[in-house]
Amino acid sequence: MIRNRKILLVFRLVVGAIFIYAGVTKAADPLGFAQNIRNYRVVGQNLSFLTGLILPWLEIFAGLLVVSGVMRRAGALLAFLMLAFFIVLTAVTMARGLDVDCGCFGAVSRKAGLGLILEDVALLYMATAVLLSRVSRAGR
Amino acid sequence: MREAKKILQHVLIVTLLSVAAGVATRLPLFRQFLAGEFRESFIARDRYPGIRFVSLQEAEDVFAAPGASVFIDARPAGVFRDGHIPGAKNVPYAAGATRIPAALASLPRNTGLLIYCEGGECQSSQGLAKLLAGDGFTNIRILAGGWDEWARARLPTERGDD
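Line by line, the protein sequences are chains A and B. For the first sequence, counting from 1, position 25 maps to 25 in this note's numbering; every step adds exactly one. For the second sequence, counting from 1, position 86 maps to 86 in this note's numbering; every step adds exactly one.
Honestly, I wouldn't trust all of these hints.
Below, a list of computed lysine-lysine pairs in the BS3-like style, where the Cα atoms sit at most 27 Å apart [as the list claims (entries may be wrong)]:
id, chain 1, residue 1, chain 2, residue 2
1, A, Lys111, B, Lys130
2, B, Lys89, A, Lys6
3, B, Lys89, B, Lys130
Everything labelled a hint here was simulated from the structure, so no lab data went into it.
Modelling step: build the complete structure from the supplied sequences, incorporating the hints.
Encoded structure:
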């Protein structure tokens, strides 16, 4: 468990900022994001639409909580769950040999691949550290 | 344990908030969804009025009226060579492309286009259709069942380059 407040603060800022940015870029184009989700060929048309509408906001709120420290661990848990899901999804997509634009940051085109998994693993580590930190009002 | 329960409660609250925010900020889109739009694609009719999906039957009718419309095969060149709808132009579409293909640049923007890709869940015909609609094309049809449906129905095909 990481107890160093400065390191935890950096983790919170990095995870939070990336989630807020990712959420805002997706919320700007929910249909484009829904198409991205559909391209992964895991869920159908309706669920892709609803996810496209809701997931960006889940990212924004999780990011805001992690950065602000309000309900920090709930935010970190949400970030953890989303990242774990993204990692599994990207790995499955690679294993299936699908050529999919990851849809991570809205219109910024990027393929779902190994580099993406490694970045998500790094974020997952940071989110886990924030989730497990027992420092009250960490880093404030 | 109490701490875990509290965190889960917060997660639930944030999830509900996200649902509310997602729907509230895109109410018109959500209404379109409830009305049955987006079942076939995420191309909003009000944003892309020039694009519509057609059945195999309509594609056959368009095919039978030669000269009126241009068939466009959005699949990669290799599979195009192995078989395609006779007379179709091969315009492979790569996701994220922003420039309209040279083969189509000189066409009048009211030319009837019928675009297809593999079929099933292929996305390249939709991507290409949006790109072309953005460039001013006003009469774009997408064959929903794609090449698979056309070939399965044993309709005319040809091999080679376009």
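Given hint Lys6/A paired with Lys89/B - CA-CA distance at most 27 Å: violated, 60 Å
Measure nothing beyond the straight line between the CA atoms of Lys89/B and Lys130/B; if it is 27 Å or shorter, mark the hint as holding. holds, 17 Å
Proposed proximity, Lys130/B with Lys111/A (alpha carbon, max 27 Å): holds, 20 Å
Checked against the numbered hints above, the structure violates only hint 2.
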